[in-house]
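In order, the protein sequence lines correspond to chains A and B. Take 1 as the starting number for the first sequence in the working numbering and just add one per residue. Take 1 as the starting number for the second sequence in the working numbering and just add one per residue.
Some hints could be false.
Taking lysine to aspartate or glutamate pairs in the DMTMM-like style, the calculated list, with each CA pair at most 20 angstroms apart, reads [claimed, not checked]:
no.	chain 1	residue 1	chain 2	residue 2
1	A	K28	B	E219
2	A	K27	B	E219
3	A	K28	B	E228
4	B	K89	A	E250
5	A	K172	A	E250
6	A	K268	A	D298
A few chain A residues that don't get close to chain B, going by computed Cβ distances all over 12 angstroms [as the list claims (entries may be wrong)]:
no.	residue
7	F97
8	Q224
9	K269
Simulated from the structure, these hints should not be mistaken for lab results. Each residue gets a CB set at the ideal place from its N, CA and C atoms; glycine is no exception.
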Amino acid sequence: MQKEKEIVSARPFFDNAAIRNILADVKKTLKSGLLTEGPYVKKFEEEFARYVGTKEAVAVNSGTCSLEIAFRYFGIRGGEVVVPTNTFIASGNTVLFAGGKPVLADIKEETLCIDPDDAQKRITSKTRGIMVVHIAGLVCPEINQLREICHDHKLFLMEDAAHAHGAMIDGKKAGSLGDVGSFSFFPTKVMTSCEGGMITTDDHKLAHMARIIRAHGMDKELGQAVRLGYNWRMHELSAVVGLHQLRQLESFIKKRGEIAKKYEIGLKKIDGVKSFFTPSNIRHSYYKFPMYVENEIDPGKLAAFLKSDFHISTGNIYYPPCHLHPLYKELFKYKEGDLPVSERVLKRVIALPMHVLLTTSDVDRVLKALKISAEKAHIS
Amino acid sequence: MKIAIHQPNYLPYPGFFAKAGLCDKFVIYDTAQFTRGDFINRNRIRTFSFNGTMWLTLPVGKKKYEGVPITEVKIKDEAIFGEHGKTLKMMYSRALYYNQEVCDVVGTAHESLAEHNTFLIQYILQKLDMKPLVVHSSELNISIGHGTSGIIDIVKALNGTEYISGLGAKTYLEEERFKEESIALSYIAYEPLRYTQMHPGFVENTSIIDAIFNVGWSELEKALKNTEIQRQGEV
Numbered sequence: 001m002q003k004e005k006e007i008v009s010a011r012p013f014f015d016n017a018a019i020r021n022i023l024a025d026v027k028k029t030l031k032s033g034l035l036t037e038g039p040y041v042k043k044f045e046e047e048f049a050r051y052v053g054t055k056e057a058v059a060v061n062s063g064t065c066s067l068e069i070a071f072r073y074f075g076i077r078g079g080e081v082v083v084p085t086n087t088f089i090a091s092g093n094t095v096l097f098a099g100g101k102p103v104l105a106d107i108k109e110e111t112l113c114i115d116p117d118d119a120q121k122r123i124t125s126k127t128r129g130i131m132v133v134h135i136a137g138l139v140c141p142e143i144n145q146l147r148e149i150c151h152d153h154k155l156f157l158m159e160d161a162a163h164a165h166g167a168m169i170d171g172k173k174a175g176s177l178g179d180v181g182s183f184s185f186f187p188t189k190v191m192t193s194c195e196g197g198m199i200t201t202d203d204h205k206l207a208h209m210a211r212i213i214r215a216h217g218m219d220k221e222l223g224q225a226v227r228l229g230y231n232w233r234m235h236e237l238s239a240v241v242g243l244h245q246l247r248q249l250e251s252f253i254k255k256r257g258e259i260a261k262k263y264e265i266g267l268k269k270i271d272g273v274k275s276f277f278t279p280s281n282i283r284h285s286y287y288k289f290p291m292y293v294e295n296e297i298d299p300g301k302l303a304a305f306l307k308s309d310f311h312i313s314t315g316n317i318y319y320p321p322c323h324l325h326p327l328y329k330e331l332f333k334y335k336e337g338d339l340p341v342s343e344r345v346l347k348r349v350i351a352l353p354m355h356v357l358l359t360t361s362d363v364d365r366v367l368k369a370l371k372i373s374a375e376k377a378h379i380s
Numbered sequence: 001m002k003i004a005i006h007q008p009n010y011l012p013y014p015g016f017f018a019k020a021g022l023c024d025k026f027v028i029y030d031t032a033q034f035t036r037g038d039f040i041n042r043n044r045i046r047t048f049s050f051n052g053t054m055w056l057t058l059p060v061g062k063k064k065y066e067g068v069p070i071t072e073v074k075i076k077d078e079a080i081f082g083e084h085g086k087t088l089k090m091m092y093s094r095a096l097y098y099n100q101e102v103c104d105v106v107g108t109a110h111e112s113l114a115e116h117n118t119f120l121i122q123y124i125l126q127k128l129d130m131k132p133l134v135v136h137s138s139e140l141n142i143s144i145g146h147g148t149s150g151i152i153d154i155v156k157a158l159n160g161t162e163y164i165s166g167l168g169a170k171t172y173l174e175e176e177r178f179k180e181e182s183i184a185l186s187y188i189a190y191e192p193l194r195y196t197q198m199h200p201g202f203v204e205n206t207s208i209i210d211a212i213f214n215v216g217w218s219e220l221e222k223a224l225k226n227t228e229i230q231r232q233g234e235v
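Just chain B, same shape as in the assembly (with noise of 0.2 angstroms):
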């Protein structure tokens, strides 16, 4: 049983949904603290300048929410679904692969923030024909440690017995420990994807909507799909 577990990032780069596709349990660990300048309530988008970006932000309040479990956080202004759905029509309404459908999910309004990411993460692995079981660590109903220990706690109590981890997180997993507790540890061998952007220039890890827009679901998905992973030593 393969777990992988991540934050509700809001419209997360393809390489959260690489992570998802892999794994038999995806967990949404939505009761991490909620950090500003993350990419839990914004993401990254292209225009038309060379290599230029802009950021989608979903408004929180200001330091209100810093540090409290990501499910108490609320969005501020609920003109802003609305407003981001526009945003995608105005710059991508000429990309290949546009529809209107995803705009229209993006700009659909919800209370709370886990929700409104959740509900947007959910829609993209259902095109994406990707089918692990999503798990909510806020009803796991058990305690949570911290780092490494956070993580085999949440594997446990889904009987995992492989975690799928992102590369980044090398430095800081205690790998010991999950030989400990007999969890095989996997690191997913994600490359950033290379494709044609409609906008001018190349910008790696923006949103998947830049990819969506520009590939494809369906060659996006084949794409994701491919995404292998290195197992760190059998238990």
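This is chain A alone, in the form it adopts within the complex (with noise of 0.2 angstroms):
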């Protein structure tokens, strides 16, 4: 019997016209002799502030860094940033590098973002300010709340959105919502640049401290060292494919708009899961399609044999939350319990495959499959 082919749960999309102007432009680039800091940086940087709506972007060489960055400039060195559990590690740890502490905040298990009322009970007198993770491309439905928390306490909130290229909230874009935004462009992103990440901002010195920290510190016109700075640049290979990648990224958010779509009609026929609800003023990127197993179902197995009867990958987002790994818990002595939404719930939550390249019968097999499965991981 032949085997299935595999449907993997995220990959990049680059259709052929695509490929054929990207290496037209890295073989331009490539002769120019300019590979770093050139002009495809720039325009790169250009186009994704005015596709977000800020007044600058500043190109760097992870999701990661550009949250440092932004870290630093804020100088959160002894002091206290409030950072939802439900987040990849990195976002914690880069509290840390920063010379601060990652204060844990539980989510909201409606939406699996932060939760702003548990985040304000964490609130110090050393806490500098908020991270808001939009989680699997969902924009944070009470990011309202969250700014009027960091207004009130003269704090900074900082967007990981990570997950959540073009995603929207009443018609305004992730990374424009709080005073520093950040994006990651892993390949396994609603859009990709390799690897690379963005900041994005109105803060005219944030971005040029940004681009000072990327490059060893040096600001350019002293031609001194002013900060501490890392090799943090992005190349201009990798904006040659961020840029032409950000310019079909809304035809890629249609795309998994759609799935999304035909994911929540089939879920609803297949008793025990569920997808999350997206209100009406939100546009979701859908990074990543949550969908939440009840008690009835084991979700581990209900994973496992989709991997193994169907050959269909799954994910997570995100278990075990950040509390919960070794290393958060020998560094701030955390124990289960200390955030019991996002335990309850995280460990319930399966991603399902979610990339450009999913047909419809890809779709329908999914369902199949999840059926099938959801049934034999019944716990009776």
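If you follow the hints, you should be able to join the two separate chains into one complex; please do so.
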């Protein structure tokens, strides 16, 4: 019997036209000899800022360093930043690298994003800012409440928009809703530059400092090092890829939205699983499609059956949550039960395959496999 | 004095403007005969399906105008201008360089097809910072012959010393006639623009509208002004 092709959970997309255009620009770049900090990085920054709706965008070589640069700018050394526990570990780590302490907050089970009330409870005299993560591509619906909290306590609001390229709330894009936005262009993301990241902000001083920190702390005008910096520059070939992906981003989001719609309809017909609600004022970018698995089904077995019986890969968002990683348990003495909503909900969330190359028949196959696997993973 | 000539097409493809940008005087050949199924009253834009396109067509009525000068062609339905503006918005509002002004300009009503197309061509030339003197063949007050003779009539009337043609015309232009009249003949070496379209796939030579919204005026201007000309033996 022929083995069914594997359906992967995420992958980047380049059509033939985009590949041809990228190769033409790569050739131009190689011939120019300008391989870093050249015209394509500048163009990518300009177009990204224009797309997001901020005055500035600064390209760097990962989403992680875009976070750390912003934290360094805000001067968090010796201070605290409230970070949702439901995020990739790099979000909290960058606070540590910048000399601060990540204080983890619980999430709302309806959105998987930070719970503003819980975040507020964790504000102390040492708190410098709050990080919101637009998880899976859903702009945190309570972003306005978070902004008010930050305003009242004189804190910065950092948006980790690594999942949320093009996601919107009330017509405004992720990355333009706080004091600073951070994006990742890792290959599995909604758009990619192979590796890379971007800082978005209306704060010209922040952007200026970011350009200094990304290049060994050197102020180009002075020709001298003014800050401790790293080599966090994005190179031109990454910018070429990012630029062409950005120009197709809207069609990627449209396709992801269509796949999500099919999943939502299909999940209603399967017992024991359900999708998450997206408010009508939000455009989801569907970096991932999270599905909640009810108590009568074992989510671990469900994912395992999908993989072993149907060659369908799934993911999680994010389990374990940051506070249950051994590193954070050791550093900050976190223990089970500290952030109960995330512990209860996240182990029951599975991310279904989501990428632009998924066909209608792939989605149908996932739904059929899900129905069978859910029955098999039923806890009797 | 370089001269180029073209019918007043509807929202033409980028190559049209590459040619216009290379000349000193650009002749809108509005006394040419209207032909159906051409690009005079229609052009293609992208849609969201893979390599998908749709036609934007200005209705001029059945057969009525076949073979008459383009200057005499009237647009049948005044509401169509606004509809085309709305269609562009629907298809391109998410493009990186979408701007409402272009849709509003496309949505401006005109009674005459030539007048409407010329208005759009001149708007685009201005935005691309291309400054040929735009001349209408209907204003030349000369008798214009057919084929190569007609072209030579126009070039001579404008004191032209060089005629810039599209490469497609090479098959029917009588090149010797230009030599006889001491007019240099050049062809534009236009390569269809390659850029990343927001819509899936890539379709070349769609209306310039697609490139405007996908890459913006500035990059488009740069790309079109890079077009070179191939000269056919010095006169």
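Structure-based check of all given hints:
Of the pairs offered as hints, the one joining K28/A and E219/B holds, with about 15 angstroms between alpha carbons and a cut-off of 20 angstroms not exceeded. Restraint check for K27/A and E219/B: satisfied, since their Cα atoms lie roughly 18 angstroms apart, inside the 20 angstroms limit. Restraint check for K28/A and E228/B: the C-alpha separation of about 18 angstroms stays at or below 20 angstroms, so the hint holds. The suggested pairing of K89/B with E250/A holds, with an alpha-carbon distance near 14 angstroms, which does not exceed 20 angstroms.
Taking the CA atoms of K172/A and E250/A, the gap is about 14 angstroms. The hint holds against a cut of 20 angstroms. Taken as a hint, the K268/A and D298/A pair is honoured in the structure, with Cα atoms around 19 angstroms apart against an allowance of 20 angstroms. Here F97/A stays apart from chain B, with its beta-carbon at least about 33 angstroms from theirs, past the 12 angstroms limit. Non-interface status of Q224/A relative to chain B is upheld: no Cβ of that chain comes within 12 angstroms, the nearest being about 34 angstroms off.
Listed as a non-interface residue, K269/A keeps its Cβ farther than 12 angstroms from every Cβ of chain B; the least gap is roughly 27 angstroms.
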